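Peer 1: From the two separate chains plus the hints, produce the assembled complex.
Same order as they appear, the protein sequences are chains W and A. Per the numbering used here, the very first residue in the first sequence carries number 98; after that it's consecutive. Per the numbering used here, the very first residue in the second sequence carries number 13; after that it's consecutive.
Don't take every hint at face value.
Claimed, not checked - SDA-like, lysine to any residue: derived pairs with alpha carbons at most 25 Å apart:
#1 W:LYS492 with W:GLY166
#2 W:LYS183 with W:VAL172
#3 W:LYS153 with A:LEU174
#4 W:LYS183 with W:ALA530
#5 A:LYS89 with W:VAL300
#6 A:LYS89 with W:LEU330
#7 A:LYS89 with W:VAL303
#8 A:LYS89 with W:ARG337
#9 A:LYS89 with W:GLY351
#10 W:LYS153 with W:PHE328
#11 W:LYS153 with W:LYS492
Claimed, not checked - Quick list of the computed label-pair ranges, beta carbon to beta carbon:
#12 A:VAL116 with W:LEU280: 15 to 25 Å
#13 A:ARG126 with W:TYR266: 19 to 29 Å
#14 A:ARG126 with W:TYR299: 37 to 47 Å
By construction, these hints were calculated from the structure, which means they are not laboratory data. In this text the structure is predicted, and so the values were computed from the model without any measurement. Using N, Cα and C, we set each Cβ at its ideal position, and we do this for glycine too.
Below are the chains, spelled out letter by letter.
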Amino acid sequence: MPTELPPTRHDATPPKPAPGRPLHEPKRYASTTPVAAPGQTYTSVTDTVTGVPLRKHQPWQWLAAFAVGFLLTMVMLTTIVYLLAKGVGIWGVNIPVAWGFAIINFVWWIGIGHAGTFISAMLLLMRQEWRTSINRFAEAMTLFAVACAGMMPLLHPGRPWMAYYLFPYPNSMGLWPQFRSPLVWDVFAVSTYGLISLVFWYVGLVPDLAATRDRLVQQNRGTRAWVYGLFALGWRGSARHWHRYRTVYLILGGLAAPLVISVHSIVGLDFTIAILPGWHSTIFPPYFVAGAIFSGFAMVLTLVIPIRTLYGLEGMITMRHIELMAQVMLVNGLIVGYGYLTEGFMAWYSADTFEQYMMANRMFGPYAHVYWIVIGCNVVVTQSLWFPAVRRNLKVLWVVAILVNVGMWSERYMIVVTSLSRDFLPSSWGSYAGTFWDWSFFLGTLGFFLALVFLFVRFLPMISMAEMRELVHEQGQSPEEKLRAETALDPPGGDGASHPTASPYTHEETAS
Amino acid sequence: MEPTTPHTLPNEAAPPSASAPDETMAEVPVYGLLAEFETPEAVRAAAEAAYAAGYRRMDAYSPFPVEGLAEAVGFRKNRMPLVALSGGVLGGLTGYVMQWYANVIGYPLNIGGRPHHSWPSFIPITFELTVLFAGFFALFGLLIASQLPQPYHPVFNAARFLHASQDRFFLCLEASDPTFDATATHAFLHAQGAVTISEVEP
Numbered sequence: 098m099p100t101e102l103p104p105t106r107h108d109a110t111p112p113k114p115a116p117g118r119p120l121h122e123p124k125r126y127a128s129t130t131p132v133a134a135p136g137q138t139y140t141s142v143t144d145t146v147t148g149v150p151l152r153k154h155q156p157w158q159w160l161a162a163f164a165v166g167f168l169l170t171m172v173m174l175t176t177i178v179y180l181l182a183k184g185v186g187i188w189g190v191n192i193p194v195a196w197g198f199a200i201i202n203f204v205w206w207i208g209i210g211h212a213g214t215f216i217s218a219m220l221l222l223m224r225q226e227w228r229t230s231i232n233r234f235a236e237a238m239t240l241f242a243v244a245c246a247g248m249m250p251l252l253h254p255g256r257p258w259m260a261y262y263l264f265p266y267p268n269s270m271g272l273w274p275q276f277r278s279p280l281v282w283d284v285f286a287v288s289t290y291g292l293i294s295l296v297f298w299y300v301g302l303v304p305d306l307a308a309t310r311d312r313l314v315q316q317n318r319g320t321r322a323w324v325y326g327l328f329a330l331g332w333r334g335s336a337r338h339w340h341r342y343r344t345v346y347l348i349l350g351g352l353a354a355p356l357v358i359s360v361h362s363i364v365g366l367d368f369t370i371a372i373l374p375g376w377h378s379t380i381f382p383p384y385f386v387a388g389a390i391f392s393g394f395a396m397v398l399t400l401v402i403p404i405r406t407l408y409g410l411e412g413m414i415t416m417r418h419i420e421l422m423a424q425v426m427l428v429n430g431l432i433v434g435y436g437y438l439t440e441g442f443m444a445w446y447s448a449d450t451f452e453q454y455m456m457a458n459r460m461f462g463p464y465a466h467v468y469w470i471v472i473g474c475n476v477v478v479t480q481s482l483w484f485p486a487v488r489r490n491l492k493v494l495w496v497v498a499i500l501v502n503v504g505m506w507s508e509r510y511m512i513v514v515t516s517l518s519r520d521f522l523p524s525s526w527g528s529y530a531g532t533f534w535d536w537s538f539f540l541g542t543l544g545f546f547l548a549l550v551f552l553f554v555r556f557l558p559m560i561s562m563a564e565m566r567e568l569v570h571e572q573g574q575s576p577e578e579k580l581r582a583e584t585a586l587d588p589p590g591g592d593g594a595s596h597p598t599a600s601p602y603t604h605e606e607t608a609s
Numbered sequence: 013m014e015p016t017t018p019h020t021l022p023n024e025a026a027p028p029s030a031s032a033p034d035e036t037m038a039e040v041p042v043y044g045l046l047a048e049f050e051t052p053e054a055v056r057a058a059a060e061a062a063y064a065a066g067y068r069r070m071d072a073y074s075p076f077p078v079e080g081l082a083e084a085v086g087f088r089k090n091r092m093p094l095v096a097l098s099g100g101v102l103g104g105l106t107g108y109v110m111q112w113y114a115n116v117i118g119y120p121l122n123i124g125g126r127p128h129h130s131w132p133s134f135i136p137i138t139f140e141l142t143v144l145f146a147g148f149f150a151l152f153g154l155l156i157a158s159q160l161p162q163p164y165h166p167v168f169n170a171a172r173f174l175h176a177s178q179d180r181f182f183l184c185l186e187a188s189d190p191t192f193d194a195t196a197t198h199a200f201l202h203a204q205g206a207v208t209i210s211e212v213e214p
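Isolated chain A (complex conformation) (with noise of 0.2 Å):
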């Protein structure tokens, strides 16, 4: 019953209908079906694809960041500068008040005469915390929205899947989504080129 090994479909398949296995797929329950592309340009037009045709919960996977994906299975909003920002205000704020509190209230030293809040000699150090609390929150920001790190994912399940991380191209749409349906599913897939089609156990 566990379709362990991907099921690879020839390049110039007989119509999908023939080589789909209907009779598994029906009962065992997947996470999803993982297409396998060989070039950005076809996973993100199956990815559009996949998005007009009324599917939701997908993802794509690919080697190096391709331009448009995300856009394509619906990603819309990017938070990440506006986290960096935040930490980039607070950091200065802290790297400035710290200063103040250190020279003028916790322990006033008088130098030559200046005033205790030179302001000026203060700003390297302010700069340095902006940079240095943006970054963190950025890298933090970063692994959090991603929800990494994440040893397990279904995704790793399928054995094409070793590619993604290399020089192959992946969508899968997720069984979860209301528009799924194991066999049509299938041959949309096939129809859009994929080179493989892999069921992904959850």
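So that you can see chain W by itself, here it is in the shape it has in the complex (with noise of 0.2 Å):
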């Protein structure tokens, strides 16, 4: 089974280069590998990516992955059911430090789903071809995000079931939301990210779960294809559809753009307002956007890594998407540090005795740890990118995208932690811990997004089949390419393991 590839330039080195074009390019790598592996054909695509879903039997890291997500979100259940019944006190929140972990996860996770956004959007935008098989499932991904982040704030507040007052309504109490807090700003910033997110996912499934549908009809099983029949709207491909389609899409995308810089902006301004050292700065806003980038890409790489070998779907997400997740993840990083550093600097500058005192109290305080970890994690670590060997090494990448992920959370910690457990009066300093609850529920949305993201993979398609077929039509089928990967399943070139259709589990599927 050659789904597990060592980590080499072996599925990424295109048997035809391009006419006038030297066969090793290794200083323009990414550049000359194409987005979808050679030999790819408008079949071949629906067979691979329907093929996930429609396996009758999922591998056994599916199932284990999948029983570790559900045994966490039953943990987080139990979580949300204690905290209902007792109260915020069972977190480690207090005075002086009232935004515990709630709002470092929130933070956190609504970074992550910034990817998905960015994907999906600002490089549809930018006509970044890449983007095209790895949009569906980064998408998803911020749907997941998004929804564990809402958690955080709504319960947060003493009682959760008021959490309702945060939208405006006419009551019978004649009470208005005060519109010039952030805090409220993040409530529209959120719900509207969420839901804008949701069309855009689903305007982009609507196609493919009509293509699934078919494939369906034509495998017998007529019930799975009522289901995503009904969800497919009756798509029929109609070329008027697909213009008034394509035109929404594009303006959904220009829609989300803004919209991911919009909130993560917000959610920065909800610090940057409060007058706290170490929070009162006009960088946050730009600094946590890539901040949520660096995050978000790190995650995907966390995801994209493992299931695209456990699914073989190395054709479509080629070495080349790796590395230029890699690269994306570079820059963000680079540009988090830069953070790290003005806020050093303005620190010393400003000459103000409080936010001099933040920055050493952070460096070296009680919870020096935690910016050292986030300084080895968010820039050291991330130097390695540099050097093409580490963005090329799954391995060693996926190890820096959990390292990423881990600093990005521990710098969340930092910043709300650390200002508001020492602020101006020492006579009000205090300290701050996780509890158990803190950390259970933490855990527990992990597990929650970890399922969510095995139940979308086993059930619906996670690469753009639509796309994918416009990027072949692209980049030419030939038709001996394409009568021999119909036919006879061979493999051109006689690369077995770039071709997807090698992989045994699509094989099992389209003989049915």
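Peer 2: Below, the structure written as structure tokens:
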């Protein structure tokens, strides 16, 4: 089974280089590798992508990952029940640190979601074709991350069942929200973000649901075909529909791109508008947006690297995607590092005692270990991405991505806890540590996220087939290649590993 | 009488008059003739030729958006940008007016002596609601203009149509078109290089 690839340039070297281009061009590695591996046809795209949700049996790794996610989801639900019964006192929050894990997790989760929107919307508008095979997956990740993030501020108020007070609605008390507060902006930003991400994702999904429906009809699996058909809305690929569809998709991309910037800027403003040392800084909105994209790409890599190997999707999510994602991570990591540098510089340059103390406290105070974890993971480890060997080594890159996730969570911990625990008056200082229920809730949301991701992989086409077919069309589909791929399932070019139909999973499905 | 299986022509067929089943098509009401093509270029060329030959009631079906195909079947008015724009304008106005009403008329609060109508603070939510309304208008505009969801459509009756969402391209010339003539249209589609031609039951 050729799915486990050695961390080499194996599946990335095109067998047939474009005319006039030398065979090996290491320096322009990324730009010479096609975004879809050679030999893909319209049929092979459909077979490979629908092959995953339509398999009769999922691999054991799927079950194992889902089981872990499911168990942790139960932990999350238990925590929520206990929280509702006892109140937020079960968490470590108190005065002065009233924003504990809930806000740290909220900012972290919403940031993870941002990579999905960045990939689907920004790269769509910039006509970056490589987004195509990862955008669906990344958008799904956005939705699940927003679901996890949304729970945090909702459960953080003392009485979560009153959370609807956050929304403006005419009520008998004559009360309205105070719209000059960034916390109210957050309510609108996050709920708009969740809804628009859902619309964007679903609109993208409709033609692929139709393809899955038709595939199921061919396999005589009527009940499932009915369910997929219900959500496919009777899509039939009419030229008129496609024309409007494309316009709407671009409009949604154009709306989502500034939206993603606004959401994390508003999250940054939640902090900035307070006058607390370490928070009251104009750099927060851009620094938060870069941090969000940084951690989001790390999460995409964390999930995509194992899943593409597990399902034999190397022909669609090629090494070029992996490498480009690593590069985006590097750029955002550098912006985040610049943010840390600016914070330090401004603390010194402001000549403000409290700012200077805040910085010294971060570096050498009771939470110094958090600061150095942040610097280590987000600044030092990220520099390894300068080296192509690291970007092309899946195992090393996976570890780097995990470390960046840890580093970005720690960064939010650092920002929230160090500033709140020691503000202006030493008499009001305090300390903070997460309790068991803080950790169980955080780990529970991680499991919830994992469970949702694996359910998505199990039931929905995780790569946009319509867009992949467009790419195949643009890259040219030669008739011989097409014939060979459709009839004999013989991988063209003799490169078995790079051809998705060589995967055993698709064989068993295409046979039926 | 009912032609349930698609009528398939061999690739290098005899003249269409020899294979066209004109004895059934004259009697049975059909929705139209569905021609299958292998490439997007072929279906676009066929659609352009059909338009030039005077056909108007037709549609093409493809597994991915094909550049110029909608124009070839005679699609002219795409109102989606206007729909989204009106949604955005409505959303922005809603957002701003709501905040102004709530904080100036409905429940004025003195926050550090700042004016009730602090317009810069109202911008973020105005922007968010602009995006929200524009997105939903675009979505529902798409669904309403395309008459979706539509679980039943005659083209689904053709067995080969299962490939329209996967790997083949189709052109359907509808029988309600005045130019439509079972035999002549069949011959026309065959001349365009259709791989298969099937009658679509209404």
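Peer 1: With the threshold set at 25 Å, check whether the alpha-carbon distance from LYS89 of chain A to VAL300 of chain W stays at or below it.
Peer 2: holds, 21 Å
Peer 1: VAL116 of chain A and LEU280 of chain W, beta-carbon distance inside 15 to 25 Å?
Peer 2: holds, 20 Å
Peer 1: Is the Cα-Cα distance between LYS153 of chain W and PHE328 of chain W 25 Å or less?
Peer 2: holds, 21 Å
Peer 1: CA of LYS89 of chain A to CA of VAL303 of chain W, is that 25 Å or under?
Peer 2: holds, 23 Å
Peer 1: Does the hinted range 37 to 47 Å hold for ARG126 of chain A and TYR299 of chain W at CB?
Peer 2: holds, 41 Å
Peer 1: Is the straight-line distance between the alpha-carbon of LYS89 of chain A and that of LEU330 of chain W 25 Å or less?
Peer 2: holds, 23 Å
Peer 1: Given the hinted pair LYS183 of chain W and ALA530 of chain W, is their Cα-Cα distance within 25 Å?
Peer 2: holds, 19 Å
Peer 1: Regarding the pair LYS153 of chain W and LYS492 of chain W, is the alpha-carbon distance no greater than 25 Å?
Peer 2: Given pair LYS153 of chain W, LYS492 of chain W is violated - Cα atoms ~29 Å apart, limit 25 Å.
Peer 1: Are the Cα atoms of LYS89 of chain A and ARG337 of chain W separated by 25 Å or less?
Peer 2: Satisfied, since the Cα-Cα distance of roughly 10 Å is no more than 25 Å.
Peer 1: Quickly compare the C-alpha distance for LYS89 of chain A and GLY351 of chain W to 25 Å and report which way the hint goes.
Peer 2: Holds, because 21 Å separates the two Cα atoms, which is no more than 25 Å.
Peer 1: Is LYS153 of chain W close enough to LEU174 of chain A, meaning Cα to Cα at most 25 Å?
Peer 2: holds, 21 Å
Peer 1: Do the Cβ positions of ARG126 of chain A and TYR266 of chain W conform to the proposed distance bound of 19 to 29 Å?
Peer 2: holds, 25 Å
Checked against the numbered hints given earlier, the structure breaks only hint 11 and satisfies all the rest.
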